[in-house]
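Mind docking these for me? Both chains are given alone in their own frames, and the hints should help you get the complex.
First to last, the protein sequences are chains A and B. Residue numbers 1324 to 1773, in our numbering, belong to the letters of the first sequence in order. Residue numbers 566 to 1165, in our numbering, belong to the letters of the second sequence in order.
If you are wondering where the hints come from, they were derived from the structure by calculation, not from laboratory data. In this text, all values refer to a predicted model and were calculated from it rather than measured experimentally. Be careful, since some hints might not be right.
Here are the computed lysine to aspartate or glutamate pairs in the EDC-like style, where the Cα-Cα straight-line distance is at most 16 Å [said to hold, decoys possible]:
(1) B:Lys-1129 - A:Glu-1645
(2) B:Lys-1129 - A:Glu-1529
(3) B:Lys-1082 - B:Asp-1021
(4) B:Lys-1131 - A:Asp-1493
(5) B:Lys-1129 - A:Asp-1643
(6) B:Lys-1137 - A:Asp-1683
(7) B:Lys-1137 - A:Glu-1529
(8) B:Lys-1120 - A:Asp-1493
(9) B:Lys-1131 - A:Glu-1644
(10) B:Lys-1131 - A:Asp-1638
(11) B:Lys-1111 - A:Glu-1529
(12) B:Lys-1120 - A:Asp-1355
(13) B:Lys-1129 - A:Glu-1549
(14) B:Lys-1111 - A:Glu-1684
(15) B:Lys-1129 - A:Glu-1644
(16) B:Lys-1135 - A:Asp-1643
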Amino acid sequence: MSSQPLILNPDDAGFGVYVHWPFCAQKCPYCDFNSHVRHKGWDEARFLAAYKQELAHTAELIGKREVSSIFIGGGTPSLMQPQTVAGILDAIAGLWSVRSGAEITIEANPNSVEAERFRGYRSAGVNRVSLGVQSLRDEQLKALGRLHSVAEAKTAIGIAAQTFDRFSFDLIYARPGQTPEQWRRELAEALALGSRHLSLYQLTIEPETAFEKLHAAGKLAMPDAELAAELYDITQEMTDAAGLRQYEISNHAAPGEESRHNILYWRYAEYAGVGPGAHGRVIVGGQRRATSTERNPEGWAARVEGAGYGLVADDALGRDEEADEMLLMGLRMADGLDLARLAQLGGVAIQPETIARLRDEGLLDVLPPGREGFGEGLDEIRACLAPGLGSATGTSQGNRGGGRIRVTRAGRIVLNEVVLALSRAFVSGASTMAQDARWTSASEASIERA
Amino acid sequence: MTDISLIRNFSIIAHIDHGKSTLSDRLIQLCGNVADRDMKAQILDSMDIERERGITIKAQTVRLDYKHSDGKTYQLNLMDTPGHVDFAYEVSRSLAACEGAILVVDASQGVEAQTLANVYQALDMNLEILPVLNKVDLPAADSDRVKKQIEDVIGLDASDAVPISAKTGLNVAAVLEAIVERLPPPKGDATKPLKALLIDSFYDAYLGVVVLVRIIDGTLKKGQKVKLMAADESYSIERLGIFRPKQQMLDELGPGEVGFFTAAIKEVADTRVGDTITDERKPTAEALPGFKQAQPVVFCGLFPVDAADFEDLREAMSRLRLNDASFSYETESSAALGFGFRCGFLGLLHLEIITERLAREFNLDLITTAPSVVYQLHMNNGTMIEMHNPADMPDPVYIDRIEEPWIKATILVPDDYLGSVLKLCQDRRGRQKELTYAGTRAMLVYELPLNEVVFDFYDKLKSISRGYASFDYQIIGYEAEDLVKMSILVNAEPVDALSIIVHRTRAEARGRVMCEKLKDLIPQHMFVIPVQAAIGGRIIARETIKAMRKDVTAKCYGGDITRKRKLLEKQKAGKKKMRQFGRVEIPQEAFIAALKMEDN
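With the rest of the complex left out, here is chain B (with noise of 0.2 Å):
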């Protein structure tokens, strides 16, 4: 157990690319826990969806042995955090756990909106902030500038910022220093029973599941009878142990400390975030507040293209449920693709995220319907009906009105892409709160509705600011709208999965999009195609795929039959990722790509 005044618990607040796990991969090497020919890139990202997208998704802890200046030992440890909006909540989860956060900023950059939302929850748990200037070395570095940047628009005092660059390893001795000097330790008691807070939990395929604990009281002990306070369940702790990054045994770990341990919990779902772990027979008198769940806001559908698939997509929901309990799902049945699921996720990132891991990682073809905001609808018989999936639209004569959600979204941008900016904000129903400047970046607050921000609007904030506007958003309230259910049809059957709520003004604009963007989506069949948008029996849109005229292989002799009947195993392979409505056969990317607005 260390002497809980030479420990320092911290975490990384950075906008992505601005070097958090650079960084992290710095103070680990510096503290000596990783032989070089062990270490690569981005050391704690241990997914491969991390490491090809530069993000963190699931929180991670690693304690560092740091010898100071003043001759002492110090036991850091790094709680690394996700930074992307979609994931404040394993955020908020992972900064409950210190004392202290680093805050890195890039010096030719600058605060990020991202960054902003998570230093402000930073500050309201009242951690200690310390600001580092990283990437200094770049030609484009304006030190003074972001020093400003920080106490103009965060508020926080960044003379003291550490200027640093993580990619060469300049001057990053002194952010240990600093961690050391201007963090607090942490406080707690060791004599007092046994109170814990439950960070996070996973499951490991050898381990099981694997929960990270913060020490606020008392000693946590091998062997020891614990009781999850919330969850009302007691087990006995068989391993015990931090990670430097790897797992090191334990017996025991005291006030401050931060490690895991696991006690025969058969699933994740056992093990309640922001839960209090206490001992069983000498109970803590209070828990720890807990947090509160977090809700999906975002749905889609998600189906498998073969449909004997069904039960294995569900068995792969289920194991990725074990891990993230914030994803949630319920089966969906549709007249166009049969039996999936109807899916919801904190935030689009979330959702890309989700489906890809399923695609890859349980190696299944999936159809994802266009995501969907839940919509409230407000039946003239006075009840009130939460609509995940446009296709559940009752007929619009028994409601009264449709509300749908709001959100604050807060923008940072140069302001050589400001015009651009203001003119997706208001392309999407957008109202204007605020314009300010800090430098020559502007911080934009707009209220906009979800539903025109969920598909697509963060690509395009990122293409028409050539990626330097952030954006972060939360959810403010529900307001009615003119809102009607737009179906596609192709070869004059309805599509369901293609039916989208939009708003009256703007539904013109989207059938005609939806219907070019299929036109080119659907391969030419051997007829022509009609594709129409409509609302009820109204076509507002149409377009045509041409027939077919010709696809026939001049050359066809002996030698190459085997070349021939690849190619047509590969297409009759390729056939099958697609969707048969009537006699259309429709590419399952179709069904997101069509909803995708480029230039309107």
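Looking at chain A on its own, in the form it has when it is part of the complex (with noise of 0.2 Å):
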């Protein structure tokens, strides 16, 4: 394993798998993904043959990749059957080639059931589990609607362990009338498990859950943004002392153990969407697409039985889309952004002002490429956005070294807004823009515009 920082060149980010599964238990109430309860179960047979069809299709549509890496999702994909998980990968793997040491991860419920299958799915050539265990105190896990107790999810972690390469287990925190000692406490016996990643999300309340419900009611008395600020640092101080770098907005961990399919998403790399509700984003005749398939699961089996795909949309993006989505994802990354890259696939810059702006308010680094340290003045500034931008061929050599921009610590509690404030700090056609000077007035009249 790499000690290295997982900086991927952005011209090999790769291309990632990913396949939802759909069914669940039980429907926690404060999740919104594509989940389904079926009581009277599902024909498993059936799903397989429905993935199998809609990867081949995948294929048919995007052509020759190298995986890099494959992540089963959900839904609770550790209701599946080790050998339907065998039989997803093995698709995968006869469609495209497969790199060597490729990640591939499944996600899992942290109860006794469950984690019997976990040889099973390490025989199938799963090397990485991430478990939901959410809480280590056991009325908040059944707060939370969960269905495991915290012995059960000490266990799973401890099969997980010996079962897998990686590992890594996500916890729900900021939960109604937590307070930061308690999260302290929490916090320090989830550390010591010894996870070399860990997911710790603060609980959000998202549209249609059970949770959005109590909350419209006044049931559900979420900290406030003081509170859940004071959280959020609780977590930095205390993930960083044990060693596990924040790398991400809510992921941690140590040097060389990040998720790599989840890099991906946020580096903005290439990955296909397979099964009920899947998202893709997919670059087809140098065009990326944004793809996501139907997502009440029998009906998903039923296209893909008929037409031979779920897709329900397959849309082109514009340019000015993939900067949004570069940069919303992007900056979620503690290394930030690459502004050659931004200019080259989004064609856009960032108005020098804004950056500098957000700099002097102590919510973004400047990294100028090619030495260590932070940009200062505006013409270095100018200076990070200007590399690569004369590269309209989008070569990697003309992109390589580009200066980066990257959310503070401060930034990073703030970040949607500071997406916003760059987001709206656009100056469309940069790749056009290959010398200062021509950029400098582009810039001058938006802001005269603005």
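See below:
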């Protein structure tokens, strides 16, 4: 395992396959993912056949790729029989080449029944498991609608550690009534469990969930922004001390232990989405497309059986849309966003004045290309924007070593606002703005307009 | 041409919600003008805003054929008129085309202030008034009390008032009978030269400018060359007809009749309401007296949110003005808001309707600044300046005195709410002139500065009286007062669009309320924002908007990038509806909302 921080060369960001398994034993009250409960069960063979069919269709659409990561998410994929997982992974390997050492993750519930399948998943080719532990307090698990106990979760973590090369677990914090002291204790216990990767999410109220209704009825006292910020700070401080670096807004890992598949999303690389309600970003004929499939599981299967695929949306993304998505995802990463790639991909630059303002407010760091340390004046910011802008052809050479911006710790907690400010400061036509002078006049014109 | 003795021209006067439109609908239905399948509520109110708000803005006419019990068929011309005080001007011109008026009073509510003003106007014009008690089927109806009130307050004999329920149709036929029997027919002479009253005009996308007309003497024929006397322009009549309410073309209109014509008139502005229409070759000797021009009394700034929409806004306003000559505008520039227009309105409802129509019919995002009255600044050098905009206020050292318009307000209110209404009037610097009772209702007459009424007085009055108080006003003159300009500073920068003229004694309270409001209206930024109210250089109130602490989305995996992007796009669009002042962005609705005084 490399000890290097996992900064992928953007041209070598890989290709991921996401497979969505839609079923859960019970719907969690906070969850807005595409998950469904079927008390009468499901026809697993039928779904396996449909996955295979949709994978084949995807391969036909996009052509040859080398798969760098696979992620089986849900729903609760650990409800699947190991042979179903094996069938899916074999199908992927039959359609594309899978890079040796590719990260293959499955999400799992940390209960005893599902943990028994871990060996089977391992044999199928899975090498990483992500456990939905959510809390180390039994009464909190109940409040979150989880079916497992803390004891079961700890057992499952033990099994995961023995079975897989790598594993991670999730916790949800900033829960109703949670005090900073309670969270400190719970997080300390979590860190003591020895995982080299943790996903630590603040509870959010999502539309069309049970919690949303409770919240609307005033029955869910969520922590205010002040308290949520304090809990966030505690989280960063304790994970840092434990050597689990924050590499994304809610993700922490020991060096080299980062989730490569999720980094692929955040780096805005290419991935296919297969299964009910899965999203993809695939490049066909040089054009990035946003795909999504039918959300209803049986409806999806029926579509695939009938038409050969379950796609309900397959939209060519405009460059401005690509720029927004890249910004939105990229700034979540601790090492930030490559401005040259933003220009190349989205055809936009960001007004240096806006970058300077956010930097002055302590929300953004500017990292000039080719040297250590932070950028200072407007000229240096412009210099970050300029390299690579001339490379309209977008060769990797032209983009390597572009300047970066990254959100500071203070900025991370107000990331949405930072993203909004930067996105509003996009100046389009960046690929033609090779010369500094031209860039300057364009940016001034746009400031005048604003 | 109908025998003049078989014509009746009438308006319906009613307070809002007392059932004017419902009664109109019933009358139209009873006379069989509209097939049941085409019938919809408020059939005369064609604008969406009219339907939604339950009000009438533009005058409309409709001809009904009514077969009376005497066996003859009468021509009834119903002139639908606006009920609101802001449109009193339009009411007066409709009344001028009638011989009678139906006064509709809600038997469960009684006479209201606006009704009063319109009835007096009708009486001044010597119209015959036919009282009708509506909603007599409601349990709360008290016909005897309301009849007595009509007699006490208006001084009108109500013993023959027709009790009806327009909603159920109960006794509505009796109204038609009474129209024929109790309202006088028009007078006129078909042999005299043409003399007709221009009641109103409007622009129709298919017909062009349509002129509503009432014939006094002579006849108006298709193809006739006519002259608009005050405008001194001649036209050939192209189309001639009536509304039923669908258009029906006719060849001629005779004395007493009401109808419309089109005549290749380019703009509504070319037609002057109240003008006399006569035959070009054989003109009438004496023109009608005409109407005096309505004067705007309330002004506010309208600015496009997106500066690029300025020309579109100008175009939209000129289109609206085509149909509404009482609305005025001129360009204005604001340091904070850029280029826009200073607009004049007949009143607050008029202001709201125009801004709503601009937004809705022309799809414009607008910032509306605080409504202001017209101040008269008497300068030290003896000159007088009319100030429509607080931002234009010169340095006070050059001003000798500032005068502001005062109104006489008439308020009718059930005595349960009298205490709160008195307090409201006192709080707004009012001077009580009269307090009388009619049954359990008090009639209050107050003198008030228009400045104190212009903003939210009416809303406030409605809320403290649970909707039972009614209100009407007229301007009585100007008075010198101790007035100052209060500025609002956001993040230490003055926002000119938020500055107001206020009485010195009330400045501190107003400033405090505005700062508190802005604190809630301006979203948190990533830094602390002070909000201050100041008179000259002196800060009189201050609030602080805390810096944003947390807005990150915890979870963001591949699946939902599209949703996240759409959210970002929505937020970006939302930000476009804000105005940048230095580093602070202020939502457009804040400019009006900040000025509403709720609890002070």
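message: To test your reading of the hints: which numbers does this structure violate?
response: 4, 6, 7, 11 and 13
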